[in-house]
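Undergrad: Take the given structure of chain A and dock chain B to it, following the hints.
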Amino acid sequence: MLEIKNLHVEVEGQKILKGIDLQVPKGEVHAIMGPNGSGKSTLSYVVAGKDDYEITEGDILWNGESILEMDPDERVASGVFLAFQYPIEIPGVATMTFMRTAINAVRKARGQDELAIPDMMKLIQGKAKDLAVKPDMLKRGLNVGFSGGEKKRMEILQMALLEPGLCILDETDSGLDIDALRVVSEGVNALRGAERSMLVITHYQRLLDYIVPDKVHVMSDGRIVKTGDKELALELEASGYAEYGEDAA
Amino acid sequence: MDIVRTEAESALIARASDNQIEGPEWLKDLQDAARDEFQSLGLPHRRVEEWKYTDLKSGMRTAFDLADAGGAVDVSADAVMAKLPDGLAEREAYHLIVVNGVLNQGLSETEISGGVEVLSLKDALLANAEWIKPLGAVQQADRDAIQALNLATMQGGVCVRVPEGAKLDKPLHVIFVTTGAGPRAVASRLFFDIGREADVQLIESHVSLEDAPVESNVAGEFIVGSRAKFRHMKMTMDHNDSVHLANFVGRLGEETDYGFFQLVLDGGISRNQFEMRYDGNDAIANISGAALLQGKSHADLTLVMDHAATGCVSRELFKTVLDDQARAVFQGKVIVQPGAQKTDGEMMSKALLLSDDAEFDSKPELEIYADDVLCGHGATTGQIDEDLLFYLRARGIPEKEARALLIQAFFGEALELVEDEAVRDVMIEQAVNWYSKTR
Chain A
485 MLEIKNLHVE
495 VEGQKILKGI
505 DLQVPKGEVH
515 AIMGPNGSGK
525 STLSYVVAGK
535 DDYEITEGDI
545 LWNGESILEM
555 DPDERVASGV
565 FLAFQYPIEI
575 PGVATMTFMR
585 TAINAVRKAR
595 GQDELAIPDM
605 MKLIQGKAKD
615 LAVKPDMLKR
625 GLNVGFSGGE
635 KKRMEILQMA
645 LLEPGLCILD
655 ETDSGLDIDA
665 LRVVSEGVNA
675 LRGAERSMLV
685 ITHYQRLLDY
695 IVPDKVHVMS
705 DGRIVKTGDK
715 ELALELEASG
725 YAEYGEDAA
Chain B
1486 MDIVRTEAES
1496 ALIARASDNQ
1506 IEGPEWLKDL
1516 QDAARDEFQS
1526 LGLPHRRVEE
1536 WKYTDLKSGM
1546 RTAFDLADAG
1556 GAVDVSADAV
1566 MAKLPDGLAE
1576 REAYHLIVVN
1586 GVLNQGLSET
1596 EISGGVEVLS
1606 LKDALLANAE
1616 WIKPLGAVQQ
1626 ADRDAIQALN
1636 LATMQGGVCV
1646 RVPEGAKLDK
1656 PLHVIFVTTG
1666 AGPRAVASRL
1676 FFDIGREADV
1686 QLIESHVSLE
1696 DAPVESNVAG
1706 EFIVGSRAKF
1716 RHMKMTMDHN
1726 DSVHLANFVG
1736 RLGEETDYGF
1746 FQLVLDGGIS
1756 RNQFEMRYDG
1766 NDAIANISGA
1776 ALLQGKSHAD
1786 LTLVMDHAAT
1796 GCVSRELFKT
1806 VLDDQARAVF
1816 QGKVIVQPGA
1826 QKTDGEMMSK
1836 ALLLSDDAEF
1846 DSKPELEIYA
1856 DDVLCGHGAT
1866 TGQIDEDLLF
1876 YLRARGIPEK
1886 EARALLIQAF
1896 FGEALELVED
1906 EAVRDVMIEQ
1916 AVNWYSKTR
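Chains A and B are the protein sequences, given in the same order. Be aware that the first sequence starts at 485, since it is given in my numbering, and climbs by one per residue. Be aware that the second sequence starts at 1486, since it is given in my numbering, and climbs by one per residue.
Okay, chain A solo, but in the shape it has when bound (with noise of 0.2 Å):
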């Protein structure tokens, strides 16, 4: 279970989250809308570990464990994944060595033995097949030349890949025609279960028609101002963000 409280988050001096109060239990989707600038991606950010980020106020616990000492690498090990709105490109880091780099990094850190190589591809390819990633993507740069759907794909693959107990999607749904949207949406409800948390980030709610959210919790300016059901979703697909502090399209 991911527990945040009353988490304040400042950058360079600026208060971006004011008081986050969140619960998500095991087992649950929990969805998190609201305008720009609410401090959506800054939450993520901050669970994941990132930098930059001063944390003057509250906690962030995992598993009943405060994460906010660890590196971004052991919050992995630990469970926790975000799945980047912008993944990032690194030319020359081939895909295929960075994810094996990183499974084994991560069973390495979990005390599980190291995959060999022909396992590694076996696993890798597998699940590539799933999420319709190309065996060429896997030879490729990471994320170098792909196209807005292929990043999320392969951001969803990772996902699987290192079998995380909280599932953090960062608009996962930006850039995505409709048919990418329903792979994505597809591999990341194969990863839903009993035993996995999952927050997904959204500024629209036609993602949420994919992945129908166990809760909404809507955040405006740095604080959450409302929770519901999936029904709050849909409230606000058409009244939109008004009320919460954005300017009407």
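It is worth saying that the hints were derived from the structure and are not from the lab. Among the clues, some could well be false.
The calculated lysine to any residue pairs, modelled on SDA-like cross-linking and capped at a C-alpha distance of 20 Å, are [as the list claims (entries may be wrong)]: (1) Lys534/A / Leu1873/B; (2) Lys623/A / Ile1913/B; (3) Lys1885/B / Arg591/A; (4) Lys1885/B / Ser562/A; (5) Lys623/A / Arg1909/B; (6) Lys1885/B / Glu598/A; (7) Lys534/A / Arg1888/B; (8) Lys1885/B / Ala578/A; (9) Lys1885/B / Arg584/A; (10) Lys1885/B / Ala593/A; (11) Lys635/A / Leu1873/B; (12) Lys534/A / Leu1874/B; (13) Lys1885/B / Ala561/A; (14) Lys623/A / Gln1893/B; (15) Lys623/A / Glu1904/B; (16) Lys623/A / Glu1898/B; (17) Lys1885/B / Glu553/A; (18) Lys1885/B / Asp555/A; (19) Lys623/A / Leu1891/B; (20) Lys534/A / Glu1871/B; (21) Lys1885/B / Glu558/A; (22) Lys534/A / Asp1872/B.
TA: This is chain B only, laid out in the frame that chain A set:
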């Protein structure tokens, strides 16, 4: 005005006064002139424009004793091969072993099919064949002090003549090996006359049998005939208090295809200098490399690409990783002579600084005297991108490994240019080992 000589200069001048090699009259004249030039120039210093960033007068405190000429030294081929990086000895090649500056015929495979002649410098000069006569005179401009020093002090070397149309079935691998008690100096020379439409690969490596510093001065002269293809790959495995000074001059004939790649891993002070002249139209030259430097290593890469013909292409890509107080110098000049239309020159040098105390000096220059050309250059200096680092760490990769991956990605772009798979793999492994040693 009295000229103040450093200890090293005095020793080098004394070294130059003894001829190390016998040769015909024209060579004696050349060597006499070179000796006078070195005596008047002394070691290059920061007020010599081309040597501004590599001041040997202050950097080279002492000159080491010249190593015993190879004939008298007992060396086994196995001992030499054992000093090569893993995989390089296994790369099938004609091994030419140069011991203390002199080609050791007994250890070398000089019988090469297709009429290729491989001679020691001494034998080539004794034979005094027509093809050897451009030796020492291939460079275009005035000799600099280090070129003069090589000519005046050279102990030996390798002369190769590749007949027209000869396509070598495997590379020539020239292994420069230094041996002797304590620090030693060597001066050696490569001279290649490559016939029209020939195809030659040269692997050049430098090793030392003892764990001791080496002061080496290597000169290479390459005359590449029309439509010939020439690949040259270089690796130095020098002790970190060494001084390595290399000069390569080339004349490229019509439609030649020349490629050079070097991997520099520390090794104290090094300078690799190129002077390539396009004599024939539509030739291509790609001169690239990677350097990984830590400690107080200093690596200088200086090149002049002289376009004297039309439609020629020059490409340079250099990647340098600098840690600690290491320093790298890149000086690249593209000259486009009047009438050298349709020249296409592109030069890029990128440095990755891992420490605040490391320094990268870059001086790209274009001298263009023709109007229908495409020339560009670029240089960047940067640090490891924190966003890339976070992305890798957010996939469970610990910081140290994540940094290593990013560094590998950085120099990997250059290493991909090495066409010979075996040599490329050796270079990649050496580079990766270098990084894991540093942290």
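Undergrad: Against each hint, give a clear statement of whether it holds in the structure.
TA: Here's how the hints hold up against the structure:
1. Pair hint Lys534/A plus Leu1873/B holds up; C-alpha atoms about 11 Å apart against a cutoff of 20 Å.
2. Distance check on the hinted pair: Lys623/A and Ile1913/B sit about 18 Å apart at the alpha-carbon level, within 20 Å; holds.
3. Restraint check for Lys1885/B and Arg591/A: satisfied, since their Cα atoms lie roughly 17 Å apart, inside the 20 Å limit.
4. Using a Cα cut-off of 20 Å, the hinted pair Lys1885/B and Ser562/A holds, with the two alpha carbons roughly 19 Å apart.
5. This hinted pair checks out: Lys623/A and Arg1909/B have alpha carbons roughly 18 Å apart, not beyond 20 Å.
6. At roughly 18 Å between alpha-carbon atoms, Lys1885/B and Glu598/A fall within 20 Å of each other, so this suggested pair holds.
7. Between Lys534/A and Arg1888/B the CA atoms are separated by roughly 16 Å; this keeps the pair inside 20 Å, and the hint holds.
8. A threshold of 20 Å between alpha carbons decides the hint, and for Lys1885/B with Ala578/A the separation of about 18 Å falls inside it, so the pair holds.
9. Proposed proximity of Lys1885/B and Arg584/A is supported: the alpha carbons are some 16 Å apart, at most 20 Å.
10. A threshold of 20 Å between alpha carbons decides the hint, and for Lys1885/B with Ala593/A the separation of about 14 Å falls inside it, so the pair holds.
11. Among the hinted pairs, Lys635/A with Leu1873/B is consistent with the structure: their alpha-carbon atoms are about 15 Å apart, no more than 20 Å.
12. Taken as a hint, the Lys534/A and Leu1874/B pair is honoured in the structure, with Cα atoms around 10 Å apart against an allowance of 20 Å.
13. Of the supplied pair hints, the one linking Lys1885/B and Ala561/A holds, its CA atoms being roughly 16 Å apart against a limit of 20 Å.
14. For the hint pairing Lys623/A with Gln1893/B, the CA-to-CA distance comes to about 16 Å; that is within 20 Å, so the pair holds.
15. Distance restraint check for Lys623/A and Glu1904/B: the Cα-Cα separation of roughly 19 Å lies within the 20 Å cut-off, and the hinted pair is therefore satisfied.
16. Among the hinted pairs, Lys623/A with Glu1898/B is consistent with the structure: their alpha-carbon atoms are about 15 Å apart, no more than 20 Å.
17. Simply put, Lys1885/B and Glu553/A have alpha-carbon atoms about 18 Å apart, close enough for the 20 Å limit, and the pair holds.
18. Distance restraint check for Lys1885/B and Asp555/A: the Cα-Cα separation of roughly 12 Å lies within the 20 Å cut-off, and the hinted pair is therefore satisfied.
19. Distance check on the hinted pair: Lys623/A and Leu1891/B sit about 17 Å apart at the alpha-carbon level, within 20 Å; holds.
20. At roughly 10 Å between alpha-carbon atoms, Lys534/A and Glu1871/B fall within 20 Å of each other, so this suggested pair holds.
21. With a C-alpha separation of about 13 Å, the suggested pairing of Lys1885/B with Glu558/A holds against the 20 Å cut-off.
22. In summary, the hint linking Lys534/A to Asp1872/B is supported, as the alpha carbons are separated by about 9 Å, within the 20 Å threshold.
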